[in-house]
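Participant: Sequence:
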Amino acid sequence: MTDPVSDFLTRLRNASKAGQAECVAPHSKLKESLALILKNEGYVSDVTTGTDAKGHKTVVVKLKFVDGQPAITNLSRVSTPGRRLYVGYTEIPRVLNGLGIAILSTSKGLKKDQDCRREKLGGELVCNVW
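The sequence shown begins at 1 in our numbering and counts up by one.
Hints listed in this document are in silico derivations from the structure and should not be mistaken for laboratory results.
By construction, the Cβ of each residue, glycine as well, lies at the ideal position given by its N, Cα and C atoms.
Careful: at least some of the hints might be erroneous.
As the list claims (entries may be wrong) - Pairs of lysine-lysine residues, derived as DSS-like cross-links and limited to a Cα-Cα distance of at most 30 Å, are as follows:
id, residue 1, residue 2
1, 64, 39
2, 29, 62
3, 62, 112
4, 64, 112
5, 39, 54
6, 54, 17
7, 108, 39
8, 112, 17
9, 29, 64
10, 29, 17
11, 108, 29
12, 39, 17
13, 62, 108
14, 108, 120
15, 17, 64
16, 57, 112
17, 57, 17
18, 29, 54
To be verified - Cβ pair distances, simulated, as ranges:
id, residue 1, residue 2, range
19, 107, 1, 22 to 30 Å
20, 85, 40, 17 to 25 Å
21, 117, 80, 19 to 27 Å
22, 45, 74, 16 to 24 Å
23, 2, 52, 15 to 23 Å
24, 18, 89, 32 to 40 Å
25, 118, 1, 31 to 39 Å
26, 2, 118, 28 to 36 Å
27, 14, 46, 13 to 21 Å
28, 46, 82, 31 to 39 Å
29, 74, 40, 12 to 20 Å
Let the sequences and hints guide you as you build the complete structure.
Facilitator: This is the structure in structure tokens:
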């Protein structure tokens, strides 16, 4: 697999569109912190780690639904392994005029767009969520 973050976002997108209660993906620190940002912003209800049948560590994300509709309308990967996209804190795009969030990988870890603007941090634009 060349892009594990894109695979994780696709798993979340497909599970929410299919109406599944939870989504399971292979564990990494990046995926776990990405899921924790989604939890803090209210897009998912819970994030835990577990193990699969072979003993490999996994990230288990419990999806959130509002009136039968998924809380995550769309997830889009912005920076890819073939085309990295770096932005300064003044160039961070607003997702749906502030209704969505952009997640950046900074020198201080993964952060959402508002925190990066407040702390004047730039970095790699990982994904947009709305």
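Participant: Run every hint past the structure and note whether it holds.
Facilitator: Structure-based check of all given hints:
Of the supplied pair hints, the one linking residue 64 and residue 39 holds, its CA atoms being roughly 9 Å apart against a limit of 30 Å. For the hint linking residue 29 to residue 62, the alpha-carbon distance of about 18 Å falls within 30 Å, and the restraint holds. Proposed proximity of residue 62 and residue 112 is supported: the alpha carbons are some 20 Å apart, at most 30 Å. A hinted pair counts as satisfied when its Cα atoms are at most 30 Å apart, and residue 64 with residue 112 qualifies at roughly 19 Å.
A hinted pair counts as satisfied when its Cα atoms are at most 30 Å apart, and residue 39 with residue 54 qualifies at roughly 27 Å. Our distance criterion of 30 Å between C-alpha atoms is met by residue 54 and residue 17, whose separation comes to about 28 Å. With a C-alpha separation of about 19 Å, the suggested pairing of residue 108 with residue 39 holds against the 30 Å cut-off. For the hint pairing residue 112 with residue 17, the CA-to-CA distance comes to about 23 Å; that is within 30 Å, so the pair holds.
A distance of roughly 22 Å separates the Cα atoms of residue 29 and residue 64; the hinted pair therefore holds under the 30 Å criterion. Distance restraint check for residue 29 and residue 17: the Cα-Cα separation of roughly 25 Å lies within the 30 Å cut-off, and the hinted pair is therefore satisfied. Using a Cα cut-off of 30 Å, the hinted pair residue 108 and residue 29 holds, with the two alpha carbons roughly 14 Å apart. Taken as a hint, the residue 39 and residue 17 pair is honoured in the structure, with Cα atoms around 18 Å apart against an allowance of 30 Å.
Distance hint between residue 62 and residue 108 is fulfilled; the C-alpha atoms sit about 26 Å from each other, no more than 30 Å. In summary, the hint linking residue 108 to residue 120 is supported, as the alpha carbons are separated by about 12 Å, within the 30 Å threshold. As the CA atoms of residue 17 and residue 64 are separated by approximately 11 Å, the hinted pair is consistent with the 30 Å bound. Using a Cα cut-off of 30 Å, the hinted pair residue 57 and residue 112 holds, with the two alpha carbons roughly 25 Å apart.
Taking the CA atoms of residue 57 and residue 17, the gap is near 25 Å; set against the 30 Å cutoff, the hint holds. Taking the CA atoms of residue 29 and residue 54, the gap is near 20 Å; set against the 30 Å cutoff, the hint holds. At roughly 26 Å, the beta-carbon separation of residue 107 and residue 1 lies within the given 22 to 30 Å, and the hint holds. Here the CB-CB span from residue 85 to residue 40 is close to 23 Å, well matched to the stated 17 to 25 Å.
At about 24 Å, the CB distance of residue 117 to residue 80 agrees with the hint of 19 to 27 Å. Between residue 45 and residue 74 the beta carbon distance is about 18 Å. The supplied range of 16 to 24 Å therefore holds. A hinted range of 15 to 23 Å for the beta carbons of residue 2 and residue 52 is consistent with their spacing of about 22 Å. The beta-carbon spacing between residue 18 and residue 89, approximately 37 Å, falls within the hinted interval of 32 to 40 Å.
Between residue 118 and residue 1, the C-beta spacing of about 34 Å keeps the proposed range 31 to 39 Å intact. In this structure the hint that residue 2 and residue 118 lie 28 to 36 Å apart at CB holds, the actual value being about 33 Å. Hint check: residue 14 to residue 46, Cβ distance near 19 Å, so the stated range 13 to 21 Å holds. A beta carbon spacing of about 33 Å between residue 46 and residue 82 agrees with the range 31 to 39 Å that was offered as a hint.
Separated by about 19 Å at the C-beta atoms, residue 74 and residue 40 satisfy the suggested range of 12 to 20 Å.
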